[in-house]
Amino acid sequence: MAMWSALLHPLLIAAALLYAPGGLIAIAARLPVRVVVALAPALSVAVIAGTGLLAPGLGLAWGVSVVAGATAIIVLAAIAVRAAHRLTGILISRRARAAAQDARDDGAPNDPDGAVPSEEPAPQESAGPSPAPASIGGRVSRCWAAARGPAEDLGLWIVSAALMLAICAQFINAPNAFSQTYDAVYHLNAVRWILDTGNASSLSFDMVISRGAVYPLGWHTLVALTMRLSGVTSIPLASNAVMCAVAGLTWTSGVITLTSALTVGRRAGRIATAVLASAAPAFPLLGLFWGILYPVFLATAMLPGVFLTAATAGARGMTLPRRAVLWLMAGAGCVGLALAHPSIIVIALIAAVSAAATRSVSLAVCAVRARHHMRRAALAYVLTALLAGASWFAAPALRASKSVSQWPPYTSVAGGIGEAVTSAPELTAIVWPLALLTVIGFLSAWHRQGTRWVALTHTVICGLYVVDVSQKVSPLRYSLTGFWYSDAYRSGGFMMVTALPLAGIGACALADAAGRALPRPARAATTVPWLRAALTIVVIAALAWQSTGSAAMSYNLKKFGLTFLVTDDSQSLTADELAVVNRLPDLLGPDDVVLADPWRGGSLAYGLTGVTTLPRHLSSYGSTSPALTVLENSLDEVGDNPEVCPAIEELGVDYVLDFKGRTILDGPQAPGLSDIQPRDGFRTVLRIGDATLYRITACA
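Reminder that position 424 of the sequence shown reads as 424 in full-length UniProt numbering, one-by-one numbering, no gaps.
I should point out that these hints are in silico values taken from the structure, not numbers from a laboratory. This structure is a prediction, so every number in the text was calculated from the model and none was measured. By construction, the Cβ of each residue, glycine as well, lies at the ideal position given by its N, Cα and C atoms. Check each hint, because a few of them may be wrong.
[Claimed, not checked] Here are the simulated lysine to aspartate or glutamate pairs, EDC-like style, with alpha carbons at most 20 Å apart:
hint, residue 1, residue 2
1, LYS660, ASP690
2, LYS660, ASP512
3, LYS402, ASP183
4, LYS559, ASP183
5, LYS660, ASP569
[As the list claims (entries may be wrong)] What follows is a list of derived Cβ distance ranges for each label pair:
hint, residue 1, residue 2, range
6, TYR215, GLY69, 19 to 27 Å
7, THR411, LEU379, 16 to 24 Å
8, ALA414, ALA83, 55 to 63 Å
9, VAL421, ALA397, 30 to 38 Å
10, SER474, ALA429, 26 to 34 Å
11, ALA151, SER619, 48 to 56 Å
12, LEU203, GLY69, 14 to 22 Å
Using the sequences provided together with the hints, build the complete structure.
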């Protein structure tokens, strides 16, 4: 069992990868500090996964040098564009001043009085003593006032990250633990494949042969690069490090900065969001319990940063060039989202349409009341309709296959609404501070123009969640929620992107109500700095105790953490089976190939040890490898079935793992791998409990 200290180095490397490439690009584009922090991970993933996508076409092996080179090129390009824009502005300004001077010179002889302008300005009467230069203390006070907001955000980010890391540590049980779920087989093996081959292209990736498969590899490239830079050889350890970095840093920074923007920097809102970010069972815990949904987890964690960037771009008083840069950076962030998991783009489009719709309604109301700007309001409606229509027509390209979007409903419409309102999807206990503050914030957000879009977006996402959990499989349900396989565990996580900012808005509403209820002397006392700081600490501690440290959260952690435990009855690898897998590198040569039943976890041997294993995922490759299908169905008949030995020779299989444990999700069994005996062409190499490694000798 690895020590927790082993997680620190890859965790720091993962954090650097999440913030260094994107942060440099955002700084080069001169984005606001909060936007830099929130958007950097999405930009980093866009660069890391984007280079993996493009490298094969350029004849390059993907790796650290390619990512660093691409980052440098983008940063230099941003600096060059900024310098060109500044130079253009200087030239235009000089020409304008020269033209103005020429105009004054041309007009001087025509002065009706014939006066020549004096070179020196006329003396002005003094209206009083000259103002004293600003004192050093005054400058320090102003600097501190300007830096206090970001400093408080940083402090709350540290608190939130610490709480989240503590939650993650309880959840995974050990630093090198791995999920015993369906998708873990693919995700761990995909990282190994990238490390072995240097192929990180989402356009053709199935770990066996290239058949034009498209799968988002933002998560896998991030883990692989973390391993290369840190020197860590354990994929589970590196995956957990990246998971902690994404949950503890990317997610918390995104929701804190987004809430800060929506509440105009109100302390109550930021505190509530910072603490509750680690207490929301629907995200990130639910997506890491079910699936395991690493790609959706990464994409969802980065979404608040894109929301913040877009909201900043749409703010009033922004110059056109700055607005254009922010929109461009938001688009680049969406590229990172898509390379993590395309389904999250649908949520981004929902937010965009919601923001446009609420803005259009606001403009229309103002136009009717003031009886002007009617054309502007009409244009806003037209643009909103065009955006909604374009989103709907683009939707089919983002939907998953209908065959894998068949998750059945499990509750009624009323039950689904109850889960959405309390921010507690199926299998989770209600965390009441989060639930109550979200409801209060939802009601409060509708009364403010700047936050109404958040409430509308939350309503739509919750509505889609209710469709997932309560409606039978149908073409309409697939059209609405097929983007994420109509899976409620995914849409439940999406709700938290808007629920947490709403909880922050709700905290501000409660603080306002409490302030109005307090007598004037008590309100005055809260402005005393030391008392205000003490009150902040008390609120953080109380909120953390009632949310992150609540009995409901303990129940959620205990339940979800079971998927990371290796026991004698694990649904993927049992303790005996894992012991056999860990011995494989000592028993097999580098060119040996092992046949395994992926549904019993045997295929994890590839990701855990690097031993070449077939197949490498639960959705096997029967359509492209008939030989593999023969072995999965008939290997135990090697002495009688004439098709078996040719299949063994075609695939180069030397060994077979015979695991007797449960199948994942009680799924299908490979009949040819379920009744192997130490005879009939099989020689026992290693047996631990019911787990056995056989050498295939029949076809030698």
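Hint-by-hint comparison with the structure:
For the suggested pair LYS660 and ASP690, the alpha carbons sit about 6 Å apart, so the restraint of at most 20 Å is met. As the CA atoms of LYS660 and ASP512 are separated by approximately 62 Å, the hinted pair breaks the 20 Å bound. Among the hinted pairs, LYS402 with ASP183 is consistent with the structure: their alpha-carbon atoms are about 19 Å apart, no more than 20 Å. This hinted pair checks out: LYS559 and ASP183 have alpha carbons roughly 19 Å apart, not beyond 20 Å.
Restraint check: the Cα-Cα separation between LYS660 and ASP569 comes to about 11 Å, which is no more than 20 Å; the hinted pair holds. Taking 19 to 27 Å as the suggested C-beta distance range, the pair TYR215 and GLY69 conforms, at roughly 25 Å. Separated by about 43 Å at the C-beta atoms, THR411 and LEU379 break the suggested range of 16 to 24 Å. Checked against the hint of 55 to 63 Å, the C-beta distance between ALA414 and ALA83 comes to roughly 60 Å, which is consistent with it.
Roughly 32 Å separates the CB atoms of VAL421 and ALA397, a value that falls within the hinted 30 to 38 Å. Here the CB-CB span from SER474 to ALA429 is close to 31 Å, well matched to the stated 26 to 34 Å. For ALA151 and SER619, the Cβ-Cβ distance of about 50 Å falls inside the hinted range of 48 to 56 Å, so the restraint holds. Hint check: LEU203 to GLY69, Cβ distance near 21 Å, so the stated range 14 to 22 Å holds.
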